[in-house]
Amino acid sequence: GESVGLHLPTLSVQEGDNSIINCAYSNSASDYFIWYKQESGKGPQFIIDIRSNMDKRQGQRVTVLLNKTVKHLSLQIAATQPGDSAVYFCAEKSLAGKSTFGDGTTLTVKP
Amino acid sequence: AAGVIQSPRHLIKEKRETATLKCYPIPRHDTVYWYQQGPGQDPQFLISFYEKMQSDKGSIPDRFSAQQFSDYHSELNMSSLELGDSALYFCASSLGQGANTGELFFGEGSRLTVL
Chain G
1 GESVGLHLPT LSVQEGDNSI INCAYSNSAS DYFIWYKQES GKGPQFIIDI RSNMDKRQGQ
61 RVTVLLNKTV KHLSLQIAAT QPGDSAVYFC AEKSLAGKST FGDGTTLTVK P
Chain V
112 AAGVIQSPRH LIKEKRETAT LKCYPIPRHD TVYWYQQGPG QDPQFLISFY EKMQSDKGSI
172 PDRFSAQQFS DYHSELNMSS LELGDSALYF CASSLGQGAN TGELFFGEGS RLTVL
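Residue numbers (the numbering used here), protein chains in the order written: chain G, 1 to 111; chain V, 112 to 226.
Just chain G, with the same shape it has in the complex (with noise of 0.2 Å):
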């Protein structure tokens, strides 16, 4: 199960399939975008950032996508897991510092 282009609240996927997950933003002057991992009753965890001047950065089983002409983020994440199952936030980074969140996306990883 994959899903592209729209901003989607839950997303269901099997284990070992390859997860999109999507995201708009709307500060065009941020100089990074995030995305952040949060399992329930934790904080955010940092899986990945982009730099504004680029379009697509690879980690380790994950890739973010930043289209920068429709104001669109992306993650990717490859095989994915049970212990992926997790609330995503894109995020975008202002100079001051400070990281300003979007929607999340729950992951919901079926066995």
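Worth flagging that the hints you see were computed from the coordinates, not collected in a lab.
The reader is advised that the hints may include incorrect statements.
What the hints assert, rightly or not - To give an idea of the chain V side of the interface with chain G (calculated C-beta under 10 Å), a few residues:
hint	residue
1	Ala198
2	Leu199
3	Gln208
As the list claims (entries may be wrong) - Below, a list of computed lysine-lysine pairs in the DSBU-like style, where the Cα atoms sit at most 30 Å apart:
hint	chain 1	residue 1	chain 2	residue 2
4	G	Lys56	G	Lys42
5	V	Lys168	G	Lys68
6	V	Lys124	V	Lys168
7	V	Lys133	G	Lys56
8	G	Lys71	G	Lys56
9	V	Lys124	G	Lys42
10	V	Lys168	G	Lys42
11	V	Lys124	V	Lys163
12	V	Lys126	V	Lys168
13	G	Lys42	G	Lys110
14	G	Lys42	G	Lys71
15	G	Lys56	G	Lys110
16	V	Lys168	V	Lys133
17	V	Lys163	V	Lys133
18	G	Lys71	V	Lys163
19	G	Lys42	V	Lys126
20	V	Lys133	G	Lys42
21	G	Lys56	G	Lys68
To be verified - Not the full set, but computed from the structure, chain V residues with beta-carbon under 8 Å of chain G:
hint	residue
22	Ala113
23	Thr142
24	Tyr144
25	Asp153
26	Pro154
27	Phe156
28	Ser159
29	Tyr161
30	Ser166
31	Phe201
32	Ser205
33	Thr212
34	Glu214
35	Leu215
36	Gly220
Yeah, the Cβ is synthetic: ideal placement off N, Cα and C, and Gly gets one too.
Using the hints provided, position chain V relative to the given structure of chain G.
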């Protein structure tokens, strides 16, 4: 590795009471951020401090105040508590306002319940 420490982890108060939350950033981090997260909501930025000076301000109510001390820890003071203040309060820290990264390091949060 040392993380951001927040205390208390849980706090129960009555309406109109006062509460103080504490945050100890990662050693050598000089910037602290406070966020409020209601149930099912995204974290909302309240206020931040860089080198003990307020660096940015968000949707922090006038009933709330905060400061950063000489050892870089920060305290969020909340007065005249209202039922709507019940939330998770997160503190995050970074080095130098995160000049070369987007990453903020979050604590585990303080859960405030106002009865």
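To see whether the hints hold, each was checked on the structure:
Interface hint status for Ala198(V): violated, as the beta-carbon distance to the closest one in chain G is roughly 13 Å, over 10 Å. At about 8 Å, the closest approach between the beta carbon of Leu199(V) and any beta carbon in chain G falls short of 10 Å, and the interface hint on this residue holds. For Gln208(V), the suggested interface contact is upheld, since its CB lies about 3 Å from the closest CB of chain G, less than 10 Å. Distance check on the hinted pair: Lys56(G) and Lys42(G) sit about 28 Å apart at the alpha-carbon level, within 30 Å; holds.
Note on Lys168(V) and Lys68(G): the hinted pairing holds, with a Cα-Cα distance of about 26 Å set against a maximum of 30 Å. Note on Lys124(V) and Lys168(V): the hinted pairing holds, with a Cα-Cα distance of about 25 Å set against a maximum of 30 Å. With a C-alpha separation of about 37 Å, the suggested pair Lys133(V) and Lys56(G) falls outside the 30 Å cut-off, and the hint is violated. Between Lys71(G) and Lys56(G) the alpha-carbon distance is near 14 Å, which keeps this suggested pair within the 30 Å criterion.
The hinted pair formed by Lys124(V) and Lys42(G) meets the criterion: a straight-line CA distance of about 21 Å does not exceed 30 Å. For the suggested pair Lys168(V) and Lys42(G), the alpha carbons sit about 24 Å apart, so the restraint of at most 30 Å is met. Among the hinted pairs, Lys124(V) with Lys163(V) is consistent with the structure: their alpha-carbon atoms are about 28 Å apart, no more than 30 Å. Of the supplied pair hints, the one linking Lys126(V) and Lys168(V) holds, its CA atoms being roughly 25 Å apart against a limit of 30 Å.
Using a Cα cut-off of 30 Å, the hinted pair Lys42(G) and Lys110(G) holds, with the two alpha carbons roughly 22 Å apart. Only pairs whose Cα atoms come within 30 Å are accepted, and Lys42(G) paired with Lys71(G) is accepted, the gap being roughly 29 Å. With a CA separation close to 28 Å, the supplied pair Lys56(G) and Lys110(G) stays within the 30 Å bound. A distance of roughly 18 Å separates the Cα atoms of Lys168(V) and Lys133(V); the hinted pair therefore holds under the 30 Å criterion.
For the proposed pair Lys163(V) and Lys133(V), the alpha carbon gap of about 15 Å is at most 30 Å, so the pair holds. Distance hint between Lys71(G) and Lys163(V) is unfulfilled; the C-alpha atoms sit about 34 Å from each other, more than 30 Å. For the proposed pair Lys42(G) and Lys126(V), the alpha carbon gap of about 26 Å is at most 30 Å, so the pair holds. For the hint pairing Lys133(V) with Lys42(G), the CA-to-CA distance comes to about 17 Å; that is within 30 Å, so the pair holds.
Distance check on the hinted pair: Lys56(G) and Lys68(G) sit about 11 Å apart at the alpha-carbon level, within 30 Å; holds. Hint status for Ala113(V) relative to chain G: violated, with the closest Cβ pair at about 15 Å, above 8 Å. Taking 8 Å as the C-beta cut-off, the interface hint given for Thr142(V) holds, the closest approach to chain G being about 6 Å. Because the beta carbon of Tyr144(V) sits about 6 Å from the nearest beta carbon in chain G, less than 8 Å, this interface hint is met.
Look at Asp153(V): its Cβ gets to within about 4 Å of chain G, closer than 8 Å, so that hint holds up. Taking 8 Å as the C-beta contact cut-off toward chain G, the hint placing Pro154(V) at the interface holds, the least distance being around 5 Å. At about 5 Å, the closest approach between the beta carbon of Phe156(V) and any beta carbon in chain G falls short of 8 Å, and the interface hint on this residue holds. Because the smallest distance between the Cβ of Ser159(V) and any Cβ of chain G comes to about 5 Å, under 8 Å, the interface hint for this residue holds.
The closest approach between the C-beta of Tyr161(V) and any C-beta of chain G is roughly 7 Å, which is under the 8 Å cut-off, so the hint is satisfied. Checking Ser166(V) against chain G by beta carbon gives a least distance of about 5 Å; that is within 8 Å, so the hint holds. Interface restraint check: Phe201(V) against chain G, minimum CB-CB distance 5 Å, threshold 8 Å, status holds. Evaluation of the Ser205(V) hint against chain G yields a held restraint, the C-beta minimum of about 6 Å falling below 8 Å.
Interface restraint check for Thr212(V): the shortest CB-CB distance to chain G comes to about 6 Å, inside 8 Å, so the restraint holds. Using the Cβ-Cβ criterion of 8 Å, the hint placing Glu214(V) at the interface with chain G is satisfied: the shortest such distance is roughly 4 Å. Taking 8 Å as the C-beta cut-off, the interface hint given for Leu215(V) holds, the closest approach to chain G being about 6 Å. Because the closest C-beta pair between Gly220(V) and chain G is about 5 Å apart, less than 8 Å, the hint holds.
When held up to the earlier numbered hints, the structure conflicts with 1, 7, 18 and 22 and fits the remainder.
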